[in-house]
Amino acid sequence: MYVAVKGGEAAIANAHSLLADRRRGDRSVPALRLDQIVEQLALGVDRVMSEGSLYDRELAALAIVQARGDLIEAIFLVRAYRTTLPRFGYSKAIDTATMLVERRVSATYKDLPGGQLLGPTFDYTHRLLDPELAAGGDVAEPLQRETETQAMPRVSAILAREGLIEPDGEMPQDHVPGDITREPLEFPMARDIRLQALSRGDEGFLLALGYSTQRGYARNHPFVGEIRIGEVELELDVPELPFAVPLGTVRVTECQMVNQFKGSAKAPPQFTRGYGLVFGQSERKAMAMALCDRALRASELGEDVVAAAQDEEFVISHSDNVQATGFVEHLKLPHYVDFQAELDLVRRMHAEYDARENPVKADDKREAAE
Amino acid sequence: MDIAAQSIEGGFADPVFDAQTVFRAVMDAMARPGSLQSLPAFARPPVPFSATAGAVALALCDNDTPLWLDPALQASAAIKSWLGFHTGAPLANTPADAHFALIAAPAEMMALDGFSQGTQDYPDRSTTLILQVSDIASGAPLLLEGPGIETSATIAPAQMPRHFVEQWKQNIKRFPRGVDIILATSDGVACLPRTTRIKTMGA
Amino acid sequence: MTAQPTDIATYNFAYLDEQTKRMIRRAILKGIAIPGYQVPFASREMPMPYGWGTGGVQVTASIIGPDDVLKVIDQGADDTTNAVSIRAFFKKVANVAVTTYTASATIIQTRHRIPEHPLTAGQVLVYQVPIPEPLRFLEPRETETRKMHALEEYGLMHVKLYEDIARHGRIATTYAYPVKVEGRYVMDPSPTPKFDNPKMHRSPALQLFGAGREKRIYAVPPFTEVVSLDFEDHPFEVQTFDQPCALCAAENVYLDEVILDDHGGHMFVCSDTDHCEKRREEGHRGHLAPEMMEPAR
Chain A
1 MYVAVKGGEA AIANAHSLLA DRRRGDRSVP ALRLDQIVEQ LALGVDRVMS
51 EGSLYDRELA ALAIVQARGD LIEAIFLVRA YRTTLPRFGY SKAIDTATML
101 VERRVSATYK DLPGGQLLGP TFDYTHRLLD PELAAGGDVA EPLQRETETQ
151 AMPRVSAILA REGLIEPDGE MPQDHVPGDI TREPLEFPMA RDIRLQALSR
201 GDEGFLLALG YSTQRGYARN HPFVGEIRIG EVELELDVPE LPFAVPLGTV
251 RVTECQMVNQ FKGSAKAPPQ FTRGYGLVFG QSERKAMAMA LCDRALRASE
301 LGEDVVAAAQ DEEFVISHSD NVQATGFVEH LKLPHYVDFQ AELDLVRRMH
351 AEYDARENPV KADDKREAAE
Chain B
371 MDIAAQSIEG GFADPVFDAQ TVFRAVMDAM ARPGSLQSLP AFARPPVPFS
421 ATAGAVALAL CDNDTPLWLD PALQASAAIK SWLGFHTGAP LANTPADAHF
471 ALIAAPAEMM ALDGFSQGTQ DYPDRSTTLI LQVSDIASGA PLLLEGPGIE
521 TSATIAPAQM PRHFVEQWKQ NIKRFPRGVD IILATSDGVA CLPRTTRIKT
571 MGA
Chain C
574 MTAQPTDIAT YNFAYLDEQT KRMIRRAILK GIAIPGYQVP FASREMPMPY
624 GWGTGGVQVT ASIIGPDDVL KVIDQGADDT TNAVSIRAFF KKVANVAVTT
674 YTASATIIQT RHRIPEHPLT AGQVLVYQVP IPEPLRFLEP RETETRKMHA
724 LEEYGLMHVK LYEDIARHGR IATTYAYPVK VEGRYVMDPS PTPKFDNPKM
774 HRSPALQLFG AGREKRIYAV PPFTEVVSLD FEDHPFEVQT FDQPCALCAA
824 ENVYLDEVIL DDHGGHMFVC SDTDHCEKRR EEGHRGHLAP EMMEPAR
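If you read the protein sequences in the order shown, they are chains A, B and C. Each residue of the first sequence is one higher than the one before, counting from 1 in our numbering. Each residue of the second sequence is one higher than the one before, counting from 371 in our numbering. Each residue of the third sequence is one higher than the one before, counting from 574 in our numbering.
One should not assume that every hint holds.
[Stated by the list, open to error] Which residues of chain A face chain C? A partial, calculated answer using Cβ under 8 angstroms:
1. A11
2. T84
3. E141
4. R182
5. P184
6. L185
7. L333
8. P334
9. A341
These are calculated hints, taken from the structure and not from any lab test. Cβ atoms here follow ideal geometry from the backbone N, Cα and C, with glycine treated the same way.
Construct the entire structure; sequences and hints are all you get.
Quick look at the structure:
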């Protein structure tokens, strides 16, 4: 006997309680504390802050544990929280030239003012699983440099002094930076808007697109001019005060790609730029972003748009993993009304086909199906 | 009362629910052109800005919506400061930059085509005009037809702009571009979206 | 900053902050003034996933007040899990009265159906829309489709429908069937079955459409012309069912097929659960209604 399915409310409540149980797991294992996640899963926290567009380590940690370690789900939690926060104002643009640098590498110069600083990198670690780590062994304190901080000019500034790289950004003097969290996207978009979208874009998606440019789908001859990771000051202009108010520091990763450019009718042969900037420490994301940024500048630089990575609508419309996961996963919602409509159409067309191809057999078949 | 005090007083007593009530009245009025959606006096702006027009401004305007004020309102520092305090809306440099135009003396107002009409790609980027009128029964009768109206509707708004019917015909011709009008009477709102066709009675 | 345990007190009425509501409200007014035109709006992240009704939820949250009575349906049913979830959300954040009766509701949020019971003046039907652009599957680029709407250049859509006829002998679009609104904009009615298209035409209710992920709001005011696209030799027609609802015997309603066993047994029942229950309360019985089956046991 068919009975219309009822009790959705109870089913949902039960599912939530089972989810909470599975999230907690074996009760004899101590529950994770947020500070443990902040300290020991720091790069996961950074990714959630970066793609969640909210610089708050503890909230990101809470989101990660609430999401059972599913980072895209955690990013979603953070986004849905940040959207309810009041907007007090816009900080001044950060100046990464004055960054308190922990890591800085350049692939274009062997040595340069400020030097190369490896910092806390996985590069050159041998990827051997570490049984000592599993045993929870002590970790020695790292060495610390005692020297005065040496000025660390950006590689792009060094090239710019020689006039060999395009100027940084072409925004008119009175251009007010847009805000993708407050205004609907509009295509084609200005580069500031595009960079915002890329910065919160999905790491995996941008990585794959950046990779595709290296394999010939819109090759753009990149060199890592510089990657730097460290703390930068955040300041806010308050109309009533004659000076900018310091709000604190944020940790960011910046990647400046230097790309070959043969010149066009409008511009002399010179190097061009691709730019990546993300919250926290994520070189992979910053580099992928810089590759995509450069690829997306194709039209601006008079290059043919021939590959996915150069296609602004394609890249920006699909880079947001909160949107993407929602829409892909919505396919599991009931669609039976539409499916019924398709079922009816396919049945009719199928019957017509049978009648046409095999008039005698079609009758038998219909009988069998009844 | 000095300007500073005037500018702080007279806002919504209950911002969340008052704004919702005013918006719903405007939405219903926009969806049913010619219908009067009554509203109590939620706002007390400085004169000559009316309570209803003030409430509509509070419900819809904020720092994202540049405002244009007609000379009657422009002349009052108290009104500018009241709007600034309660909505945070900046004043538009020209009528064509305005998202909303607040008009206390519609009979003297500039031509409709001086405001932003939107573009063919983005017809929504047009100015919405909030016209302060005493009522919609004592002026010249207008016969309305179009979306939102089952057959036809009649209103007779007072103090309407000069050559309004002719100007409105031009507005219709620009569709999908064009301006929309919110009429703020002493006790409610009525709307004329750009889709409403107007005939004078007997024409 | 420390994350405090949150409860309803820390969220605004209807979840959205007032600035967001104003922005959405302005978009709704523009939508009503330009029927069928998709107004871009700065859609917010909502506490449910994109694609699960965030557009409809934002529209409802922006119009709803304490006196409203809300009905939420998904696939025509009040008891599907996503409908239950959205209804619970509004009960929680807006504390409004909810109902399953179409006639008692002031706001009806829907996914994929228009209720069978005729809507009345004063009601608002809020559609959840996944892809608001009717031309999207013919032209993926927003820059291009925007131009087509601006120039009223809808030839591509007619070509697509005509290709259907050439290949299949009929228009093979069964849901999200494109309509033309007030003779100007071609509009996606959301993935409702084309069965529901005629209900949009000159409906006394206000119809609002919210697409959260795609950041568009559009509207059809009451008593507005909504015409399904067709050809003179292939006029638009809606689905018909060979049998009435097995539970309430309703005819000329949209039916869901329910599989009864794994030997091909199935039955057809109203997709609109409220309509079906109401009819059964009134004494209508279909051939598989429990009461009809009783004597057979």
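Would you list, in rising numerical order, the hints stated earlier that this structure does not obey?
Those not satisfied come down to hint 3.
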